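**Student:** Protein sequence lines, in the order shown, are assigned to chains A and B. First residue of the first sequence: 1, per the numbering used here; consecutive thereafter. First residue of the second sequence: 398, per the numbering used here; consecutive thereafter.
Take the hints with a grain of salt, since some may be wrong.
[To be verified] Taking lysine to aspartate or glutamate pairs in the EDC-like style, the calculated list, with each CA pair at most 20 Å apart, reads: (1) A:Lys-369 / B:Glu-636; (2) A:Lys-154 / A:Glu-143; (3) A:Lys-266 / B:Asp-580; (4) B:Lys-430 / B:Asp-580.
[What the hints assert, rightly or not] If you anchor each label on the Cβ, the simulated ranges turn out as follows: (5) B:Gly-536 / A:Leu-136: 15 to 21 Å; (6) A:Asn-271 / B:Leu-586: 33 to 39 Å; (7) B:Thr-583 / A:Asp-65: 37 to 43 Å; (8) A:Gln-286 / B:Leu-586: 28 to 34 Å; (9) A:Lys-154 / B:Asp-559: 28 to 34 Å; (10) B:Gly-507 / A:Leu-136: 31 to 37 Å; (11) B:Leu-586 / A:Glu-289: 26 to 32 Å; (12) B:Asp-612 / A:Lys-128: 33 to 39 Å; (13) A:Phe-190 / B:Trp-640: 27 to 33 Å; (14) A:Glu-289 / B:Glu-509: 53 to 59 Å; (15) B:Gly-451 / A:Ala-112: 38 to 44 Å; (16) B:Asp-612 / A:Glu-235: 48 to 54 Å; (17) A:Lys-100 / B:Arg-568: 20 to 26 Å.
Please keep in mind that the hints were generated in silico from the structure rather than gathered at the bench. Quantities reported herein were computed from a predicted structural model and do not represent experimental measurements. In this text, a Cβ means the ideal position worked out from N, Cα and C, and glycines have one as well.
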Amino acid sequence: MAGIVVHQDKIPDLSAVAALCPFGAIEVNDGSVLINAGCKMCRLCVKNGPPGAFELVKERRVAIDKDRWNGIAVYLDQTDGEIHPVSLELLGKARELAGKVGHPVIALLAGAEMGKAVAEMRHYGIDKLYLYEHPLLEHFRIEPYAAVFEDFIKRCQPAVALVGGTAIGRSLAPRVAARFRTGLTADCTFLDIQENTDLDQIRPAFGGNIMAHIRTPHNRPQFATVRYKIFSAPERMASVSGEVMRVVLDETLLGSKIETLSSSRKAPVKNIEDADVLVVAGQGIQRVENMTLLEELSQKLGGMLGGTRPVIEAGWLEPRRQIGLSGRTVKPKLLIACGVSGSVQFAAGMSGSDKIVAINIDPGAPIFKIAHTAVVGDVCEILPSLLKRIKAGEVAQ
Amino acid sequence: MKIIVCIKQVPGTTQVDIDEETGVLKRDGVESKINPYDLYALETALRLKAGCPGASVTAITMGPPQAEQSLREALMMGVDDVMLVSDRRFAGADVLATAHTLSQAILADGWETGVILCGQQTTDGDTAQVGPEIAEFLGIPHAANVTAIQDFSAGALTARVDLPATEEIIRIPLPCLVCVNKDIHTPRLPSYTLKKASRGRKVRMVTLADLPDSDPAHYGLNGSPTQVIRIFPPEHHVEHERWEGDPEALAGRLYDNLRAEKFLA
Ligand SMILES: Cc1cc2nc3c(=O)[nH]c(=O)nc-3n(C[C@H](O)[C@H](O)[C@H](O)COP(=O)(O)OP(=O)(O)OC[C@H]3O[C@@H](n4cnc5c(N)ncnc54)[C@H](O)[C@@H]3O)c2cc1C
Ligand SMILES: Nc1ncnc2c1ncn2[C@@H]1O[C@H](COP(=O)(O)O)[C@@H](O)[C@H]1O
Numbered sequence: 001m002a003g004i005v006v007h008q009d010k011i012p013d014l015s016a017v018a019a020l021c022p023f024g025a026i027e028v029n030d031g032s033v034l035i036n037a038g039c040k041m042c043r044l045c046v047k048n049g050p051p052g053a054f055e056l057v058k059e060r061r062v063a064i065d066k067d068r069w070n071g072i073a074v075y076l077d078q079t080d081g082e083i084h085p086v087s088l089e090l091l092g093k094a095r096e097l098a099g100k101v102g103h104p105v106i107a108l109l110a111g112a113e114m115g116k117a118v119a120e121m122r123h124y125g126i127d128k129l130y131l132y133e134h135p136l137l138e139h140f141r142i143e144p145y146a147a148v149f150e151d152f153i154k155r156c157q158p159a160v161a162l163v164g165g166t167a168i169g170r171s172l173a174p175r176v177a178a179r180f181r182t183g184l185t186a187d188c189t190f191l192d193i194q195e196n197t198d199l200d201q202i203r204p205a206f207g208g209n210i211m212a213h214i215r216t217p218h219n220r221p222q223f224a225t226v227r228y229k230i231f232s233a234p235e236r237m238a239s240v241s242g243e244v245m246r247v248v249l250d251e252t253l254l255g256s257k258i259e260t261l262s263s264s265r266k267a268p269v270k271n272i273e274d275a276d277v278l279v280v281a282g283q284g285i286q287r288v289e290n291m292t293l294l295e296e297l298s299q300k301l302g303g304m305l306g307g308t309r310p311v312i313e314a315g316w317l318e319p320r321r322q323i324g325l326s327g328r329t330v331k332p333k334l335l336i337a338c339g340v341s342g343s344v345q346f347a348a349g350m351s352g353s354d355k356i357v358a359i360n361i362d363p364g365a366p367i368f369k370i371a372h373t374a375v376v377g378d379v380c381e382i383l384p385s386l387l388k389r390i391k392a393g394e395v396a397q
Numbered sequence: 398m399k400i401i402v403c404i405k406q407v408p409g410t411t412q413v414d415i416d417e418e419t420g421v422l423k424r425d426g427v428e429s430k431i432n433p434y435d436l437y438a439l440e441t442a443l444r445l446k447a448g449c450p451g452a453s454v455t456a457i458t459m460g461p462p463q464a465e466q467s468l469r470e471a472l473m474m475g476v477d478d479v480m481l482v483s484d485r486r487f488a489g490a491d492v493l494a495t496a497h498t499l500s501q502a503i504l505a506d507g508w509e510t511g512v513i514l515c516g517q518q519t520t521d522g523d524t525a526q527v528g529p530e531i532a533e534f535l536g537i538p539h540a541a542n543v544t545a546i547q548d549f550s551a552g553a554l555t556a557r558v559d560l561p562a563t564e565e566i567i568r569i570p571l572p573c574l575v576c577v578n579k580d581i582h583t584p585r586l587p588s589y590t591l592k593k594a595s596r597g598r599k600v601r602m603v604t605l606a607d608l609p610d611s612d613p614a615h616y617g618l619n620g621s622p623t624q625v626i627r628i629f630p631p632e633h634h635v636e637h638e639r640w641e642g643d644p645e646a647l648a649g650r651l652y653d654n655l656r657a658e659k660f661l662a
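Only chain A is shown next, with the shape it has when bound in the complex (with noise of 0.2 Å):
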């Protein structure tokens, strides 16, 4: 049996051990020591724990032939025929990926009228791309959904499947993945990949301030969900390549319990996501009133507001709003932050943004950490002078 054992007779003082877990899994009980289901596998007991008192068991898996897991899978995410741009992105990361282990890019395309997509698609560098059309497709339903990208794992057999972290995406992954009995890495925010294609997936995790680094070594394919502007989107070759391999899957398996009574298209309001100034709000902004300086400022720049979550549930933002990992992710030329703490899920968020200001009172903000500019300083006294600066710029000119 794989996990922690615990070796009791190393264990000298067994009042201190509980306190070694941050998720309450070691138990103490009639003097004997426990690891209940809290435990999270993070081994901190094993680093931090008397010496040889706790200890990661791993078990022999059957090893799988890593060799015939080929290529570099990305899922297209449309609506109407039209690919949201994270899977551009994705696609430029697939690419890299695949020079690295020297396999191919793969994509899988499913939708109804698909013709304008796929032609669009072939600027974009794929090696391969399998098609599935058929009206059935029409709408997103997650019976035909999941049948299509089963077919499709079966046939190319992709070491790595990449999926959009879009309301789709999130859906779909999942539901795949545990088809395939394989690990699935929600929200990535760094990949790279190993000689023997293990995929190294790195994100925020336990809820807390840390990164932690996944692997799924025993099982392929290895799905992994990004979030939309998280990686940078590939240049359009003016060149088409790769080949366009149609698959007409039988109607029985594209059938769904599910019917779609309708379906309206949301209004385009802008996002964040599209803003290249942001001017986000974080909790050191004090008063609701503030917001209307930060208003100013953001209509000055050509840009929007943003927040981070304290903000949003306070109410001072809508929703829509939110930066960070419950949030969205962003990546403008120029973000203003203004007092903001920088906690990773915030950053997360932002952190591959082009240029970076922090505006906060405290030296030691771990928000001065990523930012390029940090201005230390209360953002109630800077954010006023520098309105009344811009303005009578504006009257000079």
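With the hints as your guide, set chain B with the ligands onto chain A.
**Tutor:** Leaving out everything else, chain B with the ligands in the frame of chain A:
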């Protein structure tokens, strides 16, 4: 008709920190609470039940013995039945092993049809994947990102789903699994009367031996395809400059900088 809600106990504080020198994870306060997103699932379940005579709501959680507390809170909100899925062999479960365990527990409970509700995501795992994986293990359809349930009758749910570019109304027959979004309904507060009424109540515990698939290889770390190789504090390699001084001077410097870089005309 059985309505099942999957809830998870999560740390009450989100402040986890890592000591850069020793690599020790520091977590202040050991308090735990129900994953806030799961409160919306609980509220939705209780409302579905109210409109469906004869229905009952069961809250289930997989976790350590102390997770019983979150089930007690669910009882105080008004669920009919609770189930704690706990066994040492579930330790170290990733998404796949968690979803397998929960689906097995649901089957062990004699579930055939009805609705399973999940929250959008957890505040500690934060993957939003456990729900869809449970549905796959049970072989039933699911819908995620559900923002409203408009109708629940004639063996089907009519739900509003928020997709990347569209908003769809779908009809999904039972049995099915639904992951509800935050804010679908405002969760009710625990009731004092229910608290008193459920005080002495025993919480049903399900262990590996009670599950239809009792092969330990499918649970906990054994059943988890993903492995945490290491954990580390985030590293930053940013060229940065630091400005200190009085607010007026700082504002002036920022103004000049924004102009120089053409962010301001
Ligand atoms: C699983 C999980 C997911 C999460 N997801 C997100 C997410 O998506 N997005 C997100 O933002 N958070 C998220 N969080 C919460 C996150 O951990 C932090 O709590 C949050 O980002 C802090 O927001 P803040 O910086 O606004 O507030 P605080 O941490 O309270 O920081 C306020 C800052 O303002 C400074 N300040 C105070 N007064 C002034 C002043 N007058 N002038 C200048 N500076 C001042 C302070 O020095 C401080 O640094 C998540 C947490 C968890 C556990
Ligand atoms: N250990 C667990 N016990 C019960 N339900 C869970 C558990 N983990 C996750 N869930 C359910 O799955 C949803 C998504 O969780 P996650 O994938 O961890 O973000 C949660 O909102 C819960 O409804």
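**Student:** Which of the stated hints cannot be reconciled with the structure, identified by number in ascending sequence?
**Tutor:** 7 and 17
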